[in-house]
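For my numbering, add 252 to where a residue sits in the sequence shown, where the first one is 1.
No wet-lab data here; the hints were simulated from the structure. Ideal Cβ positions, reconstructed from N, Cα and C, are used throughout, including at glycine. There's no promise every hint is true.
Below, a list of computed lysine to aspartate or glutamate pairs in the EDC-like style, where the Cα atoms sit at most 16 Å apart [claimed, not checked]:
id: 1; residue 1: Lys319; residue 2: Asp333
id: 2; residue 1: Lys764; residue 2: Asp748
id: 3; residue 1: Lys391; residue 2: Asp380
id: 4; residue 1: Lys506; residue 2: Glu404
id: 5; residue 1: Lys823; residue 2: Glu804
FRET-style restraints, in silico, Cβ to Cβ [unchecked claim]:
id: 6; residue 1: Gln394; residue 2: Glu783; range: 34 to 42 Å
id: 7; residue 1: Glu813; residue 2: Lys480; range: 20 to 28 Å
id: 8; residue 1: Gly843; residue 2: Glu813; range: 22 to 30 Å
id: 9; residue 1: Glu613; residue 2: Gly583; range: 17 to 25 Å
id: 10; residue 1: Trp548; residue 2: Lys482; range: 15 to 23 Å
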Amino acid sequence: MSSGETIKSALQIGPRPVKNRHILVERISTHQVHWFDVRCEPVIDVLHARFLTNTTRTSLQVFGYIKVIDIQGSENFPLFDRGQFKDPQRLHPSSPLGNYLQLGGPDDIPNFIDPRVCVNIKNVDTGDVVAHGEQCLLKSTQLVSTSDDAFEKLYTLQFQGNAEDDLVELQCVAFTFGAYAEVQVFLYYDNPPETYKIHEDDDDDEYGVDVFGLIYAHCDPLHLPKDKYKNHIFTVVKEEHEWVRMASEIDLSKSLVAVPAYSDLKITLDLEGFEDDEFSVQGTVSFGPGNYYSRWSEVRGKNGYYARVHVRYLEPSLLNKRCCKEDVIDGFSDMPHSPGSYVSRLIEVFSLFIARPNDEEVNLYGSVSIYGVDGWCNIFSRSEEEAYFLPSGCNLLPMKGPDQAVRPGSSFSVAVDLSDVDGHVKINGFALSSYGIDERQRPWYDRRLCSVVRSEEEKSFVAIHYTVFSFAPLAIVTVQLECQHGSSDHVKVYGDIIASYDKLSYLTNYDKQFFRRVLFTRKEANSLKLEENLVLSRSVVAVPSTSSLLAEVNLSFQTEEGAHSAVKVVKKIEIGESYTTPIKSDMVEIGIHVDWKGLPYY
C-alpha cells in the first residue's frame, strides 16, 4: 500500500471525516505514515493489592475499605469496599492468587489534584486491624527534570495494622503521558446453546460455566520493566469460582486501566473451569493506542470456548465531556483595551517533548508543522545536514516560529516527520483534533492538552503540548539590548526568556516545563554576541484575552575580560500595552516591546 493510500485509509477512522485530507496526504507524501496521535494526560492507577503474612494460616476473611480521595478536589472512589457480614472476601494466602484483594476502580476518568489512598482492612473472625493508614499517591506531574526516567513511576505502598505479621501491599503506577482504556471481556462458545451447561442454582435456565483464574492488563513502558506492570482486572481463586453466562460479559473487578500513550495495551487471560476440564481459555491479545475507534480481538480456548476482548481508549478527562448547546463558542469577541478590534480562536503549541530508548544522543532532522485555517506553518524544520543535536538528558526540541497566527477553524492537525541521522529515532504521523470544534466542542478550548505521536519500530515518541484559546490577541515581542558603558563588541549574552500568563496557574513542574513558551534560550557555552535586537527563536505569542503576558527574563552578560552581570525579573505586559519599564543591569539595559494584533491577525 502506498503512503498516500495509507493516510487516506487511516483518515476514515473516527466518527466524523477529516476535511482537507488531500492536504494531509500531500504533507508527508514521501514516507509511510504509521501513527495517529493519542490524546493523553498524567494518569495514576493502583495495579493490585496483596495481603502478606508471616503466619501459616491457610485462609481468612477480611472486610473494610481501600479508597482514593483527593484532599484538594472532589474525586473520591473506593478500590475495595466490603462489609463484615454482607460480602467479606475470603483470602487464601497459600494459593498462587489467594492473597490478592479484588480491587475495583472508578466508573469515570479521575482527575486528581492531590490524591491519597486510605486503607482500613479488618479480620472478620477476630476484628483485628490487618492494615490501616493513609499515604500519598505519587503523580508524575512533579517532574524534577525532563529526563526520560521521570515520566514513568512504579512503586509500592505498605500498610500495617495491629498484628506485626500482617500487612497489605499496594503496587501503584503513574505515567506523565498516559491514557485510560476501557476493557470488556465476553465469553462465547462455538457450539449451539443447547450444549452449554445449565446453572442449577438459577430459576431461569442459563447456559454458562463456573470459572476461576486471572485476567490482567500489561504494557511495554519505555523504562519500567514490563514484567512489573501487571494490572489485575479479574482475580478469582478456584475456591471462589464465579458463574459466567455464555455470550455475556465477564464481571471484571475494574474496567478502566492506565496505560502509557506510547505503548500497546495487552490483555492476558488465564481462565479455567471449576470441576470442568473441558473449559480453558488462555492467551494474550494486543491493542495499539488510539482515541479514534474501539477494537476487539479473540482469545481461542479449548473445545470451542473463546473470549472476545473489547478495548476503547478514552479521551483525557478535560475532553471527556458531552457537548450541548451551552458549549457553543461565539466566532469572535472584543479585544481588551482596544475599541473596534476583535479577537477569535488561536492555537498555541508550547513544547515538543522527545523520548527515545536509553536516553540516547540523537541528531534530529525533519519537520513539525501545524495545519489551520491559513494552511501549514512550521514550528520545527531542519535538513539532515543541519540536524539538531539533542544530548542525553535533554528532551525538549526547540521550536522556531510560527511567525503568524494559527487559527483552528473546524479542526486542526499537527504533522510530525522526525528522524535521527543514525536511525535511533523515526517518528512519522499526525495529531488531529476532533472535527467541528468551531461548533459545539467547548471542552477543546482553554485547556492544557497533550497529544503523543509514537514511532512504529523503536520505542520513541513526541509529546505535543498545546492549548486552543477561545479568544486571544496575538503578541509580537521584540527585545532590545543596549550596552550601558561603551561598545558592545566584547559582550556576550546567554540565559532564557520565557512567556507565560498571569491568570493561569502553574502549580506543578509539569505545567512549568511543558506549558510555557520559550522565546529565547542559550547556554553559557553557546553564548551570543550582544546585538541591539536580540534574535528570538519565537516572537509571536497567542495570549488569552482574560489574561496578561508575563515575560520571565533570566539573562547573563559577560565580557571577554571576565566581567559579569545578570538579570532575573518577571515583567507583566497588559493586552494593548506596548512597552515595559526598561530592565537595567550593571552592564546592559533591556527593553521589551510588544505589538498587539486582533482579527484578521495580519
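Can you list which hints this structure breaks, lowest number first? 3, 4, 7, 9
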